[in-house]
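J.: So you can see what is in the structure, the chains are spelled out below.
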Amino acid sequence: MPKLKQTETKTIFMRGPSAGMRVLLFGLLSVILMTVDHRYIHLERTRGALSLVVLPLQQVVNAPSALVRWLADVLMTREELRRENSRLRQRNFLTTAQLQKLTVLEAENRRLRTLLDSAATIPQRAIIAELINVDDDPYRHRILVGKGTSHGVRVGQPVLDANGVVGQIMHVGPLTATAVLITDPSHALPVQVDRNGLRGLLVGSGRYDRLQLPHVPNNADVQVGDLLITSGLGGRFPRGYPVARVVSVEPDPGQPFARIAAQPTTELDRIREVLLLINEPLLAHDGEGPVAAPPEPDE
Amino acid sequence: MSVHRHHGGWVIATSFAVAITLALAPMPEWADRLRPQWVALVLIYWAMALPERVGVGVGWLVGILLDVARGTLLGQHGLALAVLAFVTHKSHMRLRVLPLWQQALTVLLFLLVYQLVIQWINGVSGYPPHDLWYLVPPFSSTLLWPWVFVVLRDLRRRLTVV
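Note that the protein sequences, when read in sequence, are chains A and B. Read in order, the letters of the first sequence are residues 1 to 299 in the working numbering. Read in order, the letters of the second sequence are residues 300 to 461 in the working numbering.
I should point out that these hints are in silico values taken from the structure, not numbers from a laboratory. Worth double-checking, as some hints may not be accurate.
Unchecked claim - Some chain B residues flagged as far from chain A (calculated, every beta-carbon gap over 12 Å): (1) Val310; (2) Phe315; (3) Met326; (4) Leu380; (5) Ala403; (6) Leu408; (7) Asn421; (8) Phe438; (9) Pro445; (10) Val449; (11) Arg457.
Claimed, not checked - Derived coverage of chain B by chain A (criterion: at least 3 residues anywhere in the stretch with Cβ under 8 Å from a Cβ of chain A; other residues may be distant): (12) 335-345; (13) 349-357; (14) 360-370; (15) 382-388.
Unchecked claim - Simulated restraints on C-beta separations: (16) B:Leu454 to A:Asp252: 36 to 44 Å; (17) B:Leu407 to A:Ser18: 57 to 65 Å; (18) A:Gly225 to B:Trp309: 38 to 46 Å; (19) B:Pro428 to A:Val155: 26 to 34 Å; (20) B:Arg395 to A:Leu25: 20 to 28 Å; (21) B:Leu407 to A:Leu94: 58 to 66 Å.
Think of the CB as a built atom: it goes at the ideal place given N, C-alpha and C, for glycine as much as any other residue.
Let the hints inform the model, and build the full structure from the sequences given.
T.: Shown next, in the form of structure tokens:
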């Protein structure tokens, strides 16, 4: 032990700066990094490159559930497959029938919009991505999805699933991307009430089943059960996707605004696959009017 | 630094990789709140056992990787782990000769400091904690410290990491 002690004391003195200096140095570096990361987008590339280093670990983490899913697929009986197939065919039939109607409506809508001289903003394509990981910090609602820049994912892309809006892309790596959910406390989303077009801002609460609609006057026409859809303001989310349903409206006579809570239409703690919409840049194709504002992080 | 004297670096790297994996592994919600701070435990061990190899710099680097893996602010865990490595480094001589339970109490203190740094940064960046659950992981980690200590020590001896 004494011998060990001696060699170590020596090595401590031999290495350049002392531990105190080092911690100051790295502390300062961390603060600078955090500030830049919080306020600007310059570190996205670094984060993307580093995400490749930790990707194998994330895949290891994901392996058991992937294995279970794969086994479930493999071990499915023929009977189950047949049943599922017929069910899916039936649903496909119904959806196709509805889609026919939609195509007609879409054409009509576009014609009317041309008459009104306004730009149609119908998203063209979507990327399907699988959930890889969820942030374990209970106060921070982030998910990691298995598609990145190499698949065409960009920062700010809206994330949806079959039932409604999920969130938006925050960081992109070459093979993965991080999305912030609409229930994250730092997230806000411009919405409007489907019934009457009343606009508002839907803010995350930190709970997967709650969103808040602040700054709506006490006498505003919002009722329990109202559907909130994206309003398309802010240029980040396309218009008209369902987001949440109002579950409680409490007018507070002592305050200028009512307390309104809503529940996301999609079960955000159960999602497994998401759609990343590829937005056509707003107003880009008519070449007039203001150019769509460059996307800014919402935080 | 005389690199030729060191060997077994892969053991250290692997232990950190396993710690990061454990930090990311999905768990049910009740267990999530108890999740031990694996990376911090492993860092304390190495900074105590091999202070001339694992110190502030390595702590910071591992922290940055943890930040990337968890999508937190770049530098948040970097700063917290650098501070953790620093306090461990300062007291590694004393820490080594303490009986295991006293060692665990010191580790608890360090982990509380670590958690405090993380929560400060969370608060500043707009995620103030809603309740006191964030105080639980240091305690659950402390319960695991003797186990982590014995496992890593045996690994270090058997694989002659110096």
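J.: Compare the structure with each hint and give your call.
T.: For each hint, the structure was consulted:
no.: 1; hint: Val310; in the structure: holds, 17 Å
no.: 2; hint: Phe315; in the structure: violated, 10 Å
no.: 3; hint: Met326; in the structure: violated, 7 Å
no.: 4; hint: Leu380; in the structure: violated, 9 Å
no.: 5; hint: Ala403; in the structure: holds, 21 Å
no.: 6; hint: Leu408; in the structure: holds, 17 Å
no.: 7; hint: Asn421; in the structure: violated, 7 Å
no.: 8; hint: Phe438; in the structure: holds, 17 Å
no.: 9; hint: Pro445; in the structure: holds, 21 Å
no.: 10; hint: Val449; in the structure: holds, 19 Å
no.: 11; hint: Arg457; in the structure: holds, 18 Å
no.: 12; hint: 335-345; in the structure: violated (count 0)
no.: 13; hint: 349-357; in the structure: holds (count 5)
no.: 14; hint: 360-370; in the structure: holds (count 7)
no.: 15; hint: 382-388; in the structure: holds (count 4)
no.: 16; hint: B:Leu454 to A:Asp252: 36 to 44 Å; in the structure: violated, 60 Å
no.: 17; hint: B:Leu407 to A:Ser18: 57 to 65 Å; in the structure: violated, 26 Å
no.: 18; hint: A:Gly225 to B:Trp309: 38 to 46 Å; in the structure: violated, 60 Å
no.: 19; hint: B:Pro428 to A:Val155: 26 to 34 Å; in the structure: holds, 27 Å
no.: 20; hint: B:Arg395 to A:Leu25: 20 to 28 Å; in the structure: holds, 26 Å
no.: 21; hint: B:Leu407 to A:Leu94: 58 to 66 Å; in the structure: holds, 60 Å
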